[in-house]
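S.K.: Now for the letters of each chain:
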Amino acid sequence: MQPKLTEWRKLGFELVLVSMDTAKDLTAYVKDRKLDAPVLLDPKGEVSIKAYKVEGIPQTVFVDKQGVVQKISVGWDTSSLAEFERLVKELTK
Amino acid sequence: MRRSGFHAVSGELFHGKRELSTINRVLVICESCLPAILNCMAGRCEGSDIVPRTRSTVSRLRTMAVATLMLGVLVGATACGLFVKPPTVATPPAATQPPSQPPTQPPVARPPENPQASSVVTQGKPAPPFQLQALNSTSTVRFPDAFKGKVVALEFFSTS
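Read top to bottom, the protein sequences are chains A and B.
Under my numbering, residues 1 to 93 are what the first sequence spells out, in order.
Under my numbering, residues 94 to 253 are what the second sequence spells out, in order.
Misleading hints may appear alongside valid ones.
Below, a list of computed lysine-lysine pairs in the BS3-like style, where the Cα atoms sit at most 25 Å apart [stated by the list, open to error]: (1) B:K241 to A:K53; (2) B:K243 to A:K93; (3) A:K24 to B:K243; (4) A:K24 to A:K89; (5) A:K50 to A:K71; (6) B:K218 to A:K34; (7) A:K89 to B:K241; (8) A:K10 to A:K34; (9) A:K10 to B:K243; (10) A:K71 to B:K241; (11) A:K50 to B:K241; (12) A:K65 to A:K93; (13) B:K241 to A:K24; (14) A:K50 to A:K34; (15) A:K34 to A:K4; (16) B:K218 to A:K89; (17) A:K50 to A:K24; (18) A:K10 to A:K24; (19) A:K4 to A:K71; (20) B:K243 to A:K34; (21) A:K10 to A:K31; (22) A:K31 to A:K4; (23) A:K4 to B:K243; (24) A:K93 to B:K241; (25) A:K24 to A:K44; (26) A:K4 to B:K241; (27) A:K53 to A:K65; (28) A:K89 to B:K243; (29) A:K65 to A:K4; (30) B:K218 to A:K24; (31) B:K218 to A:K53; (32) A:K65 to A:K10; (33) A:K31 to A:K44; (34) A:K65 to B:K241; (35) B:K243 to A:K65; (36) A:K65 to A:K89; (37) A:K31 to B:K218; (38) A:K93 to B:K218; (39) B:K218 to A:K71.
If you're looking for bench data, these hints aren't it; they were derived computationally from the structure.
Build out the structure end to end from the sequences listed, making use of the hints.
M.R.: Here it is as structure tokens:
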């Protein structure tokens, strides 16, 4: 999603990254990939496992403006970006 | 795990949904318990997965099923399920009860196996709120408060 993020933000979209990895690992990862999105630390899995019951990595949960889950996507393939773009445009209308 | 939902809590109680019939008795058990029970009856118990009390229950049931000695009525299935005796002619438990009798269901239903099941994230349901520390920051981010009015994609990821 990173390449589209600037464009999507103008529509009222935000990407929030959540990981159970250590801050040290994440810092290097974010720097290496030049990620431009908030990264939240979930070392004990309180959110990832207990609250959201993540079943696979990566898992993307799209939440609309009202805070309602609209789409849960596990994994990533070549069609994901196009699908996410369609979803972002639909939800930000 | 399915085995953890094996409801032989008292040795005679089962989660009542599916019937396993023998000649003259009906054992009421739930769908998730049934495979484990059948495995045990076939001698394929995985002991570490079934608590001893459950194993002894299955053993008892196996003995009784083979013997088929006892007759009677299985009634009073509860949310936990009961090992109840049917009339000599097997009929649904509810049909054996006159209207004036108290309901066979206990007033308090058995709690769900996984109390957090209701919090599973589901499309069309509100996203669970949370508060987490941001990377390289001492501040915390509250979701969804910090993103009011925005469409948000929460991406759970790993560096490895």
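S.K.: Each hint should be assessed against the structure and marked as holding or not.
M.R.: Taking the hints in turn, this is what the structure says about them:
1. B:K241 to A:K53: Within the cut-off at roughly 23 Å; holds.
2. B:K243 to A:K93: holds, 11 Å
3. A:K24 to B:K243: violated, 29 Å
4. A:K24 to A:K89: The given pair, whose Cα atoms are some 34 Å apart, is violated under the 25 Å limit.
5. A:K50 to A:K71: holds, 19 Å
6. B:K218 to A:K34: violated, 33 Å
7. A:K89 to B:K241: holds, 17 Å
8. A:K10 to A:K34: holds, 20 Å
9. A:K10 to B:K243: With a Cα-Cα distance of about 10 Å, the restraint between K10 (chain A) and K243 (chain B) holds, given a limit of 25 Å.
10. A:K71 to B:K241: holds, 18 Å
11. A:K50 to B:K241: holds, 23 Å
12. A:K65 to A:K93: holds, 10 Å
13. B:K241 to A:K24: violated, 30 Å
14. A:K50 to A:K34: Violated, at about 29 Å.
15. A:K34 to A:K4: Holds - the C-alpha atoms of K4 (chain A) and K34 (chain A) are around 14 Å apart, at most 25 Å.
16. B:K218 to A:K89: holds, 20 Å
17. A:K50 to A:K24: This hinted pair holds, its Cα atoms lying about 23 Å apart.
18. A:K10 to A:K24: Measuring from Cα to Cα gives roughly 31 Å; hence the hint is violated.
19. A:K4 to A:K71: Since the Cα atoms of K4 (chain A) and K71 (chain A) sit roughly 18 Å apart, the hinted pair holds (cutoff 25 Å).
20. B:K243 to A:K34: Holds. K243 (chain B) to K34 (chain A) sits at ~23 Å (cutoff 25 Å).
21. A:K10 to A:K31: holds, 24 Å
22. A:K31 to A:K4: Within the cut-off at roughly 18 Å; holds.
23. A:K4 to B:K243: Holds, at roughly 16 Å.
24. A:K93 to B:K241: holds, 15 Å
25. A:K24 to A:K44: holds, 15 Å
26. A:K4 to B:K241: holds, 21 Å
27. A:K53 to A:K65: Holds. K53 (chain A) to K65 (chain A) sits at ~22 Å (cutoff 25 Å).
28. A:K89 to B:K243: holds, 12 Å
29. A:K65 to A:K4: At roughly 19 Å apart (the allowed maximum being 25 Å), K4 (chain A) and K65 (chain A) satisfy the hint.
30. B:K218 to A:K24: violated, 34 Å
31. B:K218 to A:K53: Within the cut-off at roughly 14 Å; holds.
32. A:K65 to A:K10: holds, 14 Å
33. A:K31 to A:K44: holds, 23 Å
34. A:K65 to B:K241: Status holds; Cα separation ~7 Å.
35. B:K243 to A:K65: holds, 5 Å
36. A:K65 to A:K89: holds, 12 Å
37. A:K31 to B:K218: Outside the cut-off at roughly 34 Å; violated.
38. A:K93 to B:K218: holds, 20 Å
39. B:K218 to A:K71: holds, 10 Å
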